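In case you want the letters, here they are:
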Amino acid sequence: MTLSNIVVLVKYVPDATGDRKFEADNTVDRVGVDGLLSELDEYAVEQALQIKEKRADEEITVTALTVGPAEAEAAVRKALQMGADKAVHVQDDAIAGSDAVATSLVLAKAIEKIGVPELVVGGLASTDGGLSVVPAMLAERLGLPQVTLAAVVETQGDQVRIKRDGDTATEVVGGTLPLVLSVTDQSGEARYPSFKGIMAAKKKPLESLTLADIGVDASEVGLDAAWTKVDNVTARPPRTAGEIVKDEDGSGATALVEFLASKKFI
Amino acid sequence: MSEVLVLVDHVDGAVRKPTYELLAIAKRIGSPSAVFIGGADQAAAAADAVKAYGADKVYVVDDAEIKGYLVAPKAEVLQQLAEKSSPAAILIPASAEGKEIAGRLAIKLSSGLITDAVDVKVDGGEIVTTQSVFAGNFTVDAKVVKGTPIIAVKPNAAAPEEGAGAGAVEQFAATISDAAKTAQIVAAQPRQATGRPELTEAAIVVSGGRGTGGDFTAVEGLADALGAAVGASRAAVDSGWKPHTFQVGQTGKVVSPQLYVANGISGAIQHRAGMQTSKTIVAVNKDEEAPIFELVDFGVVGDLHAVLPAVTAEIEKRKG
Chain A
1 MTLSNIVVLV KYVPDATGDR KFEADNTVDR VGVDGLLSEL DEYAVEQALQ IKEKRADEEI
61 TVTALTVGPA EAEAAVRKAL QMGADKAVHV QDDAIAGSDA VATSLVLAKA IEKIGVPELV
121 VGGLASTDGG LSVVPAMLAE RLGLPQVTLA AVVETQGDQV RIKRDGDTAT EVVGGTLPLV
181 LSVTDQSGEA RYPSFKGIMA AKKKPLESLT LADIGVDASE VGLDAAWTKV DNVTARPPRT
241 AGEIVKDEDG SGATALVEFL ASKKFI
Chain B
267 MSEVLVLVDH VDGAVRKPTY ELLAIAKRIG SPSAVFIGGA DQAAAAADAV KAYGADKVYV
327 VDDAEIKGYL VAPKAEVLQQ LAEKSSPAAI LIPASAEGKE IAGRLAIKLS SGLITDAVDV
387 KVDGGEIVTT QSVFAGNFTV DAKVVKGTPI IAVKPNAAAP EEGAGAGAVE QFAATISDAA
447 KTAQIVAAQP RQATGRPELT EAAIVVSGGR GTGGDFTAVE GLADALGAAV GASRAAVDSG
507 WKPHTFQVGQ TGKVVSPQLY VANGISGAIQ HRAGMQTSKT IVAVNKDEEA PIFELVDFGV
567 VGDLHAVLPA VTAEIEKRKG
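Each protein sequence line maps, in turn, to chains A and B.
Taking this note's numbering, I'd label the letters of the first sequence as residues 1 to 266.
Taking this note's numbering, I'd label the letters of the second sequence as residues 267 to 586.
Okay, chain A solo, but in the shape it has when bound (with noise of 0.2 Å):
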């Protein structure tokens, strides 16, 4: 099988050194904040960019598709920046306060409809939701087999292998294309955009798209179709201050051993 085209997900996240909270109906504010592309999807429209830079034999078009409101147009544009040929956005008010599963849907109907590509790349979280289970529903839903959590990442022919610090294990896990490949900060430094690249950009396709135009319902999205529903948000009390002392010939390690033995740790 030749590579003829790669999908890679990114995703407009509210700046984590912003002062990041939650509307009045428990849904992140993704208006009222700051945001970018996320960090860690950087790392996959790198791993995109380099495996088409490898095998520049093949013509393979690297597409960078996101889902969210208007500004999330940043994130693709971003991608767009680093070398991505294409982009999509599926942009729809019916989205907002859709969950993983519904996000995944939406991904799904979204990727059947620009073309399945052999290859769907995605970052190894978002830096808010944080859930990692986007790239799993979105194999299920499409059918196809994922390889995680990569460190490493080689690709021959139609064979995808990727080197990961499993959960007990350092594992090589090997996959067919098509499927679906996450990677991890460890995978490499993911590039700034030159300031060709950013004048590229701006000639570069990006595609909107509505929940119509994928043949979603609005109704199989949102925050009232979640499978899950949000009761309580409570900001976490700040810590209560706690007690500092300044070693002087030993002072510190013995208060510390007093305050771990208080607490029953030793």
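Treat the hints as calculated values from the structure; they're not laboratory data.
All the given hints hold, so there is nothing to weed out.
Distance condition first, Cα-Cα at most 30 Å in a straight line; then the derived DSSO-like pairs of lysine-lysine: (1) Lys52(A) / Lys113(A); (2) Lys264(A) / Lys293(B); (3) Lys246(A) / Lys585(B); (4) Lys163(A) / Lys283(B).
What you are looking at is a predicted structure, and each value in this text was computed from that prediction instead of being measured.
For chain A, the structure is supplied; the task is to place chain B on it using the hints.
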């Protein structure tokens, strides 16, 4: 009483601690049914182990046909067991593999999924989960409103409870599709045994960062005195002092132990995301301005290479 399926997390038949935590949670909801997918020769020992922690039933699924294949076959096994037993809930350890199994299962069963639950309770007949989000800055209470609740539970969400269940063993022959047997583990290098507990499961974690200067002797000494796992900050991992498997933080392991001791770690947001929900936090750092001190229950401003060996020596002395 309804069954609650618990996927058994094990390495070659040796049941891992999170399984016992899940069984304790399952008892709050209904009658725990452990699901063991593994070697036929390992099943008896594993069944005894889960029975001792309250499993009323143990489904044994021989993995001869599916060993080495990733995720998808296990999701099919759970789907078929769920269709057969109509459980009140399905509990899965929130490991990397567990979450992927849960994700696929949710789509197969058209059921809601909660991941990374740090607590699960039954309130007025409803199963309510608690999650910790945004680097532990918010607590979210949520429930599944469609299908069979599928809950991926984080380690240390409950204390294991000894107490034998009925432990009735039932062989289950699942039908695995060819499509599920496409991605497989080609080679596995088991992590070198350190004699220390696994990072995400440990009750105590002792971590080192940039301030160690690359010398983890003092950190490891304290860890061993406390029976703790050793962790590292991203700075220490990026410097090549410890492999990535030791990294605590957003892109490493997220830990929630009873006690977390941060040594020579400044406490950047990425690190906090991996340890902020620890019950008790202690830090040792030369820099009194280090942000880690905002989080601590107890902090020592001082040189870790002097403070930790003294603490270790005193602990050893008290142990006798």
